[in-house]
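Listed here are the chains, written in short residue letters.
Number of protein chains: 2
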Amino acid sequence: MIKNINIAIVGLGQIGNYLLKEINKKKSDIEIKTGKKLNIIALSAKNKNKKRNYKINKKIFFKDPLKIFEKKKIHILFEAIGKSDGISKKVVEKALKNKIHVITPNKALISKHGDYLSKIAEKNKVNLEFEASVAGGIPIIRTIKEGLATNKITKFYGILNGTCNYILSEMEKSNKQFKDVLKQAQLLGYAEPGNPKLDLNGYDALAKVRILSALSFNNKISYKACLMEGIENISLKDIDIANKLNFRIKLLGISEMINGKLFERVHPCLVNKDTYIGNVNGVMNAVITEGEPIGESILQGEGAGPGPTSSALMSDLLSILRGNIKYPFGIPNNKRVDIRVFNYDNYINSLYLRFEVKDKPGVLAIITDNLAKKKISVERLIQIPNYKNKTASIVIITHKSYEKDAQNCIKIISKNKNVLKKPTLIRLL
Amino acid sequence: MIKNINIAIVGLGQIGNYLLKEINKKKSDIEIKTGKKLNIIALSAKNKNKKRNYKINKKIFFKDPLKIFEKKKIHILFEAIGKSDGISKKVVEKALKNKIHVITPNKALISKHGDYLSKIAEKNKVNLEFEASVAGGIPIIRTIKEGLATNKITKFYGILNGTCNYILSEMEKSNKQFKDVLKQAQLLGYAEPGNPKLDLNGYDALAKVRILSALSFNNKISYKACLMEGIENISLKDIDIANKLNFRIKLLGISEMINGKLFERVHPCLVNKDTYIGNVNGVMNAVITEGEPIGESILQGEGAGPGPTSSALMSDLLSILRGNIKYPFGIPNNKRVDIRVFNYDNYINSLYLRFEVKDKPGVLAIITDNLAKKKISVERLIQIPNYKNKTASIVIITHKSYEKDAQNCIKIISKNKNVLKKPTLIRLL
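Chains A and B are the protein sequences, given in the same order.
Under our numbering, the final residue of the first sequence carries the number 429; numbering is consecutive throughout.
Under our numbering, the final residue of the second sequence carries the number 429; numbering is consecutive throughout.
There are no misleading hints in this set.
Because identical chains cannot be distinguished in the list, a pair is counted as satisfied if it fits within a single copy or across any two copies.
Once the Cα atoms are required to be at most 20 Å apart in a straight line, the calculated DMTMM-like pairs of lysine to aspartate or glutamate come out as:
#: 1; residue 1: K152; residue 2: D29
#: 2; residue 1: K335; residue 2: E31
#: 3; residue 1: K422; residue 2: E356
#: 4; residue 1: K27; residue 2: E292
#: 5; residue 1: K155; residue 2: D29
#: 6; residue 1: K417; residue 2: D359
If you're looking for bench data, these hints aren't it; they were derived computationally from the structure.
Just chain A, with the same shape it has in the complex (with noise of 0.2 Å):
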């Protein structure tokens, strides 16, 4: 590779703001460890007259991205736009068809158009790198691909959201309804302030379990159903009811492969509270894998931000600058394999059941009785009676059962008069 290097940066919010601050700053740092001289040549993004906190240089600001591969050659481009399509999507495909190198920390692209990209960047023999697109200062990609090279991974999951991980930790330390710690976490700039949703329902948590599915067992993306719920319906009263159960619900992204078939998901889950992921609080990521012959290896870090991710970057441009040519997803695209979808039919597992219920007699018996012709055994059973309303919440923890069964259980005795409210389901990992 050549001396000097010239680089581009396309997306100049925080992360990208940031990033340039750091390029700049560590400059001769990272001469001295690679022996690459970096010039950043070209920087482009909406508004060239925007407020910044690191102020950029406007001789080579270009408002269309699409423009900044005619002046000078550029060797490496960061994309920091974040779309997962669109303009994103153009400029680091032109980019990549350019033989120009691209880090980016964009997982809506990376795991919408992740194979199509990696297949242009394989032909072209150039870099597509995407540490920051999960967990933003865990090395947890470049773990699975450079630390783990050799190992048979066969599961893996984590907290990959430090939106809902911090609501989750925040409602039970306060003791706060969902909604009041959601307005709290946009005040603190931890949920965005416009539009939550992505963070909320699992999609971006289920994002990045796409991408280190892809990267652990060695398949293409899957783009199929996959069971992924979020934490809008999580109650102050489970939280509490887990709480004394010795629980702490957690919302969790998980992939494993049973018999071969991939069993991607996103959802909550109600971990206990001496476990090592039952103590991850606040906004934290950690994701946990299970190989062979290593066994169990846990990296915990910071999980977003500027800071964090500029890290993740950073790390991609060094790889890139000491000549660290890789397949963007560890092996060639055609030895990777198509995905055969585990069936969730057949997921069995333990389950936490809650259901408000008219305190008189019988309705008890209904449930069990549901649960019984169903074959779903009950391991605990706790009856919380609330006097004043003459109700009652009955929550349930059962043994491993067939999700099914339960749901379909649950169905029916939701249509009982004495059954108050839709009941609530959580999983035990």
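Following the hints, complete the assembly by docking chain B onto the known chain A.
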């Protein structure tokens, strides 16, 4: 790099033998990932006919490891003998001088001769890789060199010796004395049956700290005196009392830069039970790094054993096969700075002190007066009487104080005839 890669393994103990099996098992997987075809062309060990878990090809066996260089061209050599000097050093030296990449899990060798050997590697433009030398299954070296490449690391600490962590965890759990748990650890293969001293006295952890310091702070490996204390003197009594105060005792390796000076240490620490590190039990290893801009990162995994160690050796192998030629310590040797060592007299910390005394009036005053004279302020004081012997344990947790003053103070107090044993001092994290 060429397509056919010739490999030699020197040392066929537990690690070398497992590695041999792994390479043979994963040859085709590695060819897919890297395009390289591996041929194991030389094996060497003391005893050709020793019974091994995995059979060796005796046609490529050399009794004298220095003879392996004479036959075919070797591209990558694994050194798995494990000595700090002697034949281990000679083989590695000769390989590097012959432009052969070297991969080793040998922490004794790297912590002692790493600077010298890395110069030879750099001069000959080959890799010297030692991911497996620190915390087996945790890709900590790769993470510091690559994942956190442009971060400024200010401090790291962790559990780097699984033997000690197992013993301390087990003492707490089973209420058994050090000696009994050590025997149990030896039976289970967690502690060396012959001479476990290098694990127990902190030396093993210190070697790892020195390697990680060099990587984290871009300095040469330190050989200077350092605070090193093992767990041989930790008594069940201290574990019990710590427990009641919501602490656990862990053997930690800690390294930080204080005003440009390096402060490396290994010693037992009182860590809060609610912290992350307080919950890493059994044979697990964990490393926590503090960096800027990334914040706190945590890595946890199995620290030893042939499986995790091989996983690390294989990750080094793949890194080399992918053409990732790197400086062994991340930057050129001439840019690595000489160390200035932190003056231990300036070390300020909170301390746990335990005095065994005769239970009679005035004894407590002797202790508190002496502490007051040295301006050591007490945060907590507990007196636990032992009515049977008319003795008492006086336990003190100090506010942050100069350790030097505390040591002097202990000396003076020890001389008092009412103080029955050498007082115990354990640092807080």
